[in-house]
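Peer 1: Sequence:
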Amino acid sequence: MSFDQRTKTLSSDEETTRLPLQADSWSLQKNIAFRMACIIFRMDQELRDSVLRNLDLTYAHFRVLQVLFEKDGQQIGDIARSIVMRQPVLSRVIDQMEVRKLVRRKQDKDDSRYMRVFLTPTGKRHYQQAWPAAHQIIEGGLEVVTHEERDLLCGLLTRIDTHMQRK
Numbered sequence: 001m002s003f004d005q006r007t008k009t010l011s012s013d014e015e016t017t018r019l020p021l022q023a024d025s026w027s028l029q030k031n032i033a034f035r036m037a038c039i040i041f042r043m044d045q046e047l048r049d050s051v052l053r054n055l056d057l058t059y060a061h062f063r064v065l066q067v068l069f070e071k072d073g074q075q076i077g078d079i080a081r082s083i084v085m086r087q088p089v090l091s092r093v094i095d096q097m098e099v100r101k102l103v104r105r106k107q108d109k110d111d112s113r114y115m116r117v118f119l120t121p122t123g124k125r126h127y128q129q130a131w132p133a134a135h136q137i138i139e140g141g142l143e144v145v146t147h148e149e150r151d152l153l154c155g156l157l158t159r160i161d162t163h164m165q166r167k
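If you count by the UniProt record's numbering, then the sequence shown holds residues 1 to 167, one letter each, in order.
Keep in mind that the hints were calculated from the coordinates and are not lab data.
Just to be clear, a hint being listed does not mean it is correct.
Claimed, not checked - Calculated cross-link-like contacts (lysine-lysine; reagent style DSSO-like; alpha-carbon spacing at most 30 Å):
| hint | residue 1 | residue 2 |
| --- | --- | --- |
| 1 | K124 | K71 |
| 2 | K124 | K101 |
| 3 | K124 | K30 |
| 4 | K167 | K101 |
| 5 | K106 | K124 |
| 6 | K30 | K71 |
| 7 | K109 | K124 |
| 8 | K106 | K71 |
| 9 | K124 | K167 |
Whole structure, please, built from the sequences with the hints as guidance.
Peer 2: Here you go:
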């Protein structure tokens, strides 16, 4: 479909309120979100193939373990915000992780309406086994940029993430 065909598919109301996209904005190579997603999915695949599958972990499990390893005993809502996952989906992931004895839920001692999630020794051990491979994959991907560029990239991504959280 050509650029002209794409812009003509808008309804007449949309045509008056939207500016037409420039032809190069349709390019996947210039689509920053697409590029970031490709990098993450590539790293995810490599991590699954190198270590997660052997530990019977999904990438979602790994992300939960990662967040809890940094700060154990978080509420499900806080974990969901950290890993950008809807709370009902995360609850099912945590159910799976409890069955695998990676985490345990405990009622919040200050507010019994809330549950907190804690790493088990097995969960901690699995994360400690997976992290070196994850770190190596990240480092391998970033070896083409300087330390200054890494710092700049991290700052820019943090700024974008903070902005997106406010929306």
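Peer 1: None of the hints should be skipped; say for each whether it holds.
Peer 2: Against the structure, the hints come out as follows:
{"no.": "1", "hint": "K124 x K71", "result": "holds, 12 Å"}
{"no.": "2", "hint": "K124 x K101", "result": "holds, 10 Å"}
{"no.": "3", "hint": "K124 x K30", "result": "violated, 39 Å"}
{"no.": "4", "hint": "K167 x K101", "result": "violated, 36 Å"}
{"no.": "5", "hint": "K106 x K124", "result": "holds, 17 Å"}
{"no.": "6", "hint": "K30 x K71", "result": "violated, 36 Å"}
{"no.": "7", "hint": "K109 x K124", "result": "holds, 22 Å"}
{"no.": "8", "hint": "K106 x K71", "result": "holds, 15 Å"}
{"no.": "9", "hint": "K124 x K167", "result": "violated, 34 Å"}
Violated hints for the displayed structure, listed by number in ascending order: 3, 4, 6, 9.
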